[in-house]
Each structure stands twice: as C-alpha cells, then as structure tokens.
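Residue strings, one per chain:
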Amino acid sequence: MDLAYTTEQDMLAESIQRFIATEYDLTTRKNLVASDLGYSTQHWQTFAELGWLGMSIPEAYGGLGGDLVDTMIMFEEFGKGLVLEPTLSSLVLFAGALELAGSDEHKHHYLPALGAGDLTGCLAYVEADEPTNFNFVATTALKTGDHYQLNGTKSVVLNAASADVILVSARTEGQATDPRGISLFLVPGDSEGLLRKDYPTVDGLRASEVLLENVRVPASALVGAEGAASQTLNTVINRGILAISAEAVGAMAVLYQSTIDYTKQRVQFDHPLSEFQVVKHRLTEMFIEYNLAKSLCMKATMLLNQNSGDAQRHIHALKFLIGKTSRFVGQNAVQLHGGMGMTEDLAIAHYFKRLMMIDATFGHTDIHLDAFVQ
Amino acid sequence: MWTQRGDWFKALADQGGWDIPKWPKDFGGPNFTPTQRYIFDLEMGKQPTPPQLPFGVGMLAPILMNYGTKAQQDRFLPGIRDGSVNWCQGYSEPGAGSDLANLKTKAELSADGSHYLVNGQKIWTTLAQIAHWIFCLTRTSSDGAKQEGITFLLIPMDDPGVEVRPIITLGGSHSVNEVYFTDVKVPVENRVGEEGKGWTYAKGLLAHERSGLAGIQNSVMGLEKAKRNAQKVRVGAGTLLDLSSFKNKVGVLEAELLALEFTEMRTLARVAAGGDPGPESAILKLKGTEIQQRITELNLEAAGVFAAPWGAEAFGPEFAHGATQSYLGGRATTIYGGASEVQKDVIAKNVLGLS
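Heads up: the sequence lines are chains S and D, in that order. Here my numbering is used: position 336 in the first sequence is 334, and no number is missing along the way. Each position in the second sequence, counted from 1, maps to that position plus 63 in my numbering.
Just so you know, these hints were derived from the structure itself, not from any lab. Just so you know, these numbers come straight off a predicted model, no measurement behind them. Be a bit skeptical, because a hint or two may be false.
Just the calculated beta-carbon pair ranges, DEER-fashion [what the hints assert, rightly or not]: (1) S:D268 / D:L105: 40 to 50 Å; (2) D:N281 / S:S13: 48 to 58 Å; (3) S:S13 / D:L180: 50 to 60 Å; (4) D:Q294 / S:A32: 30 to 40 Å; (5) D:D246 / S:H269: 26 to 36 Å; (6) D:K407 / S:I286: 17 to 27 Å; (7) S:Q173 / D:K295: 18 to 28 Å; (8) S:K195 / D:M328: 20 to 30 Å; (9) D:E287 / S:A32: 36 to 46 Å; (10) S:K195 / D:A335: 49 to 59 Å; (11) S:R214 / D:W71: 54 to 64 Å; (12) D:T302 / S:S218: 34 to 44 Å; (13) D:F103 / S:Q15: 56 to 66 Å.
Glycine included, each C-beta is placed from N, C-alpha and C at the ideal position.
Build out the structure end to end from the sequences listed, making use of the hints.
Okay, here's the thing in structure tokens:
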C-alpha cells in the first residue's frame, strides 16, 4: 500500500503552509474575526488563484478535479492556521451537493464561479428539534405551479450571512423524520421572506438562524430528484466530517507541539516543566492519541474516496475518535500551559475552541459512537 | 424572594452569624460544630443562594484573626463582614504559579522603619478590578530558603502606584487581572504578623482554600441538571440520555460523586472528633474539580451544535445557554488553587511519604 503523497500533494500542503506563515498570524486572525464579514475576501481570491477553491471541483467545470485526499491535505493545513474562510460551507457542502446531485445547468452555473471565488454558498440542513439528524426536516416545500414555497427554520447555518446562495433541505412529502421526501433547494440569500439572525460562533466563525416565510423559488431551484436528497446530504456530510476531522488533526498537531515548546521554557521548582516525568508522559500521550486520530482520518478518507462499503462505519468511528482525542489533546494543552492556557492572548485558547466546535458539528462523540456500535 | 444580595446576607446575620459560618464566636460567628457547618453548607448548596466573595470572609479574615493585631482586626473585619470592602488575593506571579514560593514582588523596609516600598507584579488576581484592598505575599529577603523572607502585606488598591490590567480568559470573561506595583509605600502597620513569616500564614490558608474548591453539592445539582438537559435532546426515537455511551458517563459520575460525598463525610468525622482533616481532604479538590469539569462536558454535549452561538444574544434551546461558558471557564478549576499535577505531588509527599 502506497501512503506517500504525490509531489503535487506535497506542494499543495507547502503552499498552504507558506500562506499561513506569512498571512495568518493570531493578530491578523483576531482582526478578521472582529471584522464585518468575519473573513478576508482578499484571502478568498488568493485561495482561488492558488487553486484551492477549485481543488475538488471537476475539471469539466473549471476545477482541478482533485479527490478527497487532496481535500484532507488542504483542511489539515487550514486547521494548523485556524483559517476562517468559508471553505467547508462553500466548497465541501455547497459545491459538493451540486456536484453530486445538481443538473448540468446547475453545475455550469455555479461550479466555475465557486472555484473562481466569485460566489459563495452554504448548506442549511440543521433543525432545532433534532439537530444531529439531517433526516429530521420539518421545513416544508410546497409545489404550486412552477414554483416551490418554503416555510420553516434552519439552525446554526454556517456562513449564511456571507453566502450568495443557501442550499436548503426541505420536505416535499412525508413525516418529519422520514429519510424519503427530503429535497434540496437553491435559495438566494436575498430572497423575499428569508430572514436571518446572524451571530458569531465561539470559535470565531459566523452562523445564522435562517427563517423561511413563504419563500418562493422556481422549480429549477430544485437540486436532484424531488424527495431524494437524503443520500446527497449523507454523502456531503460524510465529506464534511472528513474535512473537519482533517482540520482537527492539523489543529492538534499545533497544540501538542506548542505545548512541548512551552513546557521546555516554563521553569517552576527550578526545572523546566518538560523535565517532570508526569509532564513528559502527558505530552507523549498527546502525541500518541494525535497519531491514532490522524491514522483513522487517513483511512476513512481513503475508504470514502474509493466508495467502499466500509466507509460509513469508519466515518462514524472517526468522528467519535476525533471528538475524544481533541478533548484529550485540547484539555491537556490548556492544563499544561497553566493560567496562560486560559488566556485569549495565546493561540492555545483559539485552537481549543475550534476543536470544541468541530466535536459539536455534524454530531458529537456519543452520537457517532452509538451509530458505530449499531 | 431576596431582591438584594445585601438583604440576603443581612437575613443570614440576623440568624446569629450565619453570614460568617466559619468565624469563631469571639468574632461574631455562629460557633457551629464541624457537623453543623457541614449541614449548613449542604443545605446552602442545595439552593441557588448568592455566594459570598471568598477573599475577605474566607481567606483574609482567618489570617487576621490568627496573626493580626487587635487594631488590624478592629479596622478590617467589620468591612469584610458587611461586604462594604472588597478584597483580592495577591499571591501568584508570572514566575510563581505552582511554585508559589518563587515569588519576587519586592518589599523594602524604609530606613526609618515606617513603611515598605513595594515593586513587582501579581497575576491571575481575581476581581482585582472591583477590589478596594489586596492582601499580598511580598519578598522582604532573598536569604535562605525561598519560603523564608516572604511578608504578608495589606495594600489599598487606590494607591497611585497600583495598576490593574485585565486578562480576558477562555470564554471571554474578565475576572482575572495583572496587578502592578510601582514604588507603593505601605505603612508597617499594614504588615500582618512578623516580617518573613508570610509563607507560614498563607500556607495554612491555601490548604483551607483547596478543600473548599471541591464543590460537591454543586456537582450533585449540576449532574441532575445535565440529565434533565440530555432528556430534552431528541436522538432518534429517544433522547440523548438513552444513548448508552452518554448514559454510562452519567452513571460513572453519579457513582464517583456518591463516593466523594462520603469521602467528605470521613474528613468531617475526623474533624468532628477533634482531629486534623486527614489525608482524605487532599483528595477532595483533585477529584472534585475533575468531576466538575466532566459535568460541564455533559452539558456541552447536550447543547450540541447550539454550543456555537456566541455573544450577547442567546440562540437555540434555553438549556444550551451558558454551556459553552461553563465548559471553557471550568478548565481553570484544575489549574487554580494548585494545579492537579502539583496536588498529586503534595499527596505523594505528605500522605504517601514519597519524596
């Protein structure tokens, strides 16, 4: 089995590392978090120029036709830099769903623009009554003539405020938890009847509650066959899990390494903390757990890349293990930094919060452990 | 019921010193036996009663009672008791965290012996921003062991040489600060006890502070709340509490809390019999704070993706509000008052005899 990256993949990782090293220090990130948009459009253009936005878009639509391993490499590096730009929403979820289920017309219209950074999209799939189940859809879409009329509320929609288009899951038939009868609709962000309540998230990103009150979209806004979106959602959410797991792997790499660096220079009781055996062992455990999480991230990515029947199980196992490991690595990074680990001035706190939200996104540890053991 | 904190503490005082349950009778306390005090704490812990800021009543007052002059007691204890004077604790420094005795803030006695000149920096000073006074460990001598040459001083925060700079912590809150001292003149009558004996005075108090950090009754109530929260989270045909992995975590915590409660009872029994708190008391802070953190994790899990919204306005189900802050803020409990790793060293050395 060849697990080595290709030259192109190594170059991809290096180019993101260079970008983060020169453009993404903690102060810059804090300023972006505090800005109106919450990220940098200039960075977004850079991402487009360097081919990162088009990486997973098929070549027929102006992209580079990369696979899930390429996406994993990108997100691992984004995780190291705590990148704020809406790559998950716009590329993995939105572009991913269009690529899987959209018509040729949808793809021609959106994919090249997404890859060029001229347009962003996001996915509204969470509902408050059962947030961990994407098949729970109480939002309705009623067909009247050549239009659909949407009503309902979507929760914690990542990057909804900045998205040009929101892809909304809505029910065209069946009961709220029925996997059949869910459809996806392209809803422009400025649609009449669409109300957003925007808020910052604890990890420095942006999300919204999205209320749909008699929002009318043309029949051509339907993505995929009517009532058949559950499988599409499942696949893009699986890809989303892979992407944020890779991001967590990157963030954990920074955390364990920074903790090693800190304990080497922090002197208490006349010795660097790193000389105390309890600290040495804890750092070693962080390193071990990090590596196990990284291994499973790689394996699950390869399996889904091959469309293996074993992929779903591995993705549940991965999301569980990423949550468990991020807590272990994150909590110990804070603990070993002592009071300093508790301050917003150090990067540690920001990695810790991002890992916390990765655990909460797409269902936390218990949800996936339960699905894994079923 | 009680519209004002002040009303509540006044009502407690009217019961005969219930506002200062740990103070001895001579200083107006209720003269509780250890058992009565335990019951008092237990019942207070079961209700959402307003907590008293610990720095004056719980930390400084016992030191003044034991080591302060009559004049110092008369001057400071009334303001501590009625809450009109806020205190903060100036112990930790950038280079003196777990290794507290490594502190460097310098206090030099003037040639005429009338005052100390204080220069240096404290860090992690809780609520310094609202404090009128700070009680400080300062270094008056660098001779001998680190623990010697430490002097306990009382310093008014409105001195022009005292500067407070906020530290914003994980969770966005401002409760801790840096406190800088530049040529602050402290009259010798603000020294508590003898010069160079401050470490001894503070050490006894640290053990006391630590045993008070276990928060067992809060954890008992917190766990019940976490279970109720989890029952409100729909997962498939059931709730989050029906998932075996979540339920098991709750069960493990419940069992450990039962054990911890009785560990506290064993400590109490020793004290009630006239003995020292004993080795079990060292377990309380360690295990108690770890349990507190695990309960905040359960609430975070119940909040799920609604842990994300951040800012003044609350979104998502009501039970999810505050779960993120508690989880983030709770990370400090195994760091402050002696990090868990250091607590284990203390137990290993003092209890198990492993040097």
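Status of each hint after checking the structure:
1. S:D268 / D:L105: 40 to 50 Å: Given a distance of about 42 Å, which is inside 40 to 50 Å, the answer is holds.
2. D:N281 / S:S13: 48 to 58 Å: Since the Cβ atoms of N281 (chain D) and S13 (chain S) sit about 50 Å apart, the hinted range of 48 to 58 Å holds.
3. S:S13 / D:L180: 50 to 60 Å: Hint holds: Cβ distance 57 Å, inside 50 to 60 Å.
4. D:Q294 / S:A32: 30 to 40 Å: With a Cβ separation near 38 Å, Q294 (chain D) and A32 (chain S) satisfy 30 to 40 Å, so the hint holds.
5. D:D246 / S:H269: 26 to 36 Å: holds, 33 Å
6. D:K407 / S:I286: 17 to 27 Å: holds, 21 Å
7. S:Q173 / D:K295: 18 to 28 Å: holds, 21 Å
8. S:K195 / D:M328: 20 to 30 Å: Violated, since K195 (chain S) and M328 (chain D) (Cβ atoms, about 49 Å apart) do not stay within the stated range.
9. D:E287 / S:A32: 36 to 46 Å: Hint holds: Cβ distance 39 Å, inside 36 to 46 Å.
10. S:K195 / D:A335: 49 to 59 Å: holds, 56 Å
11. S:R214 / D:W71: 54 to 64 Å: holds, 57 Å
12. D:T302 / S:S218: 34 to 44 Å: holds, 40 Å
13. D:F103 / S:Q15: 56 to 66 Å: holds, 59 Å
The structure is inconsistent with hint 8 alone, although it conforms to all the rest.
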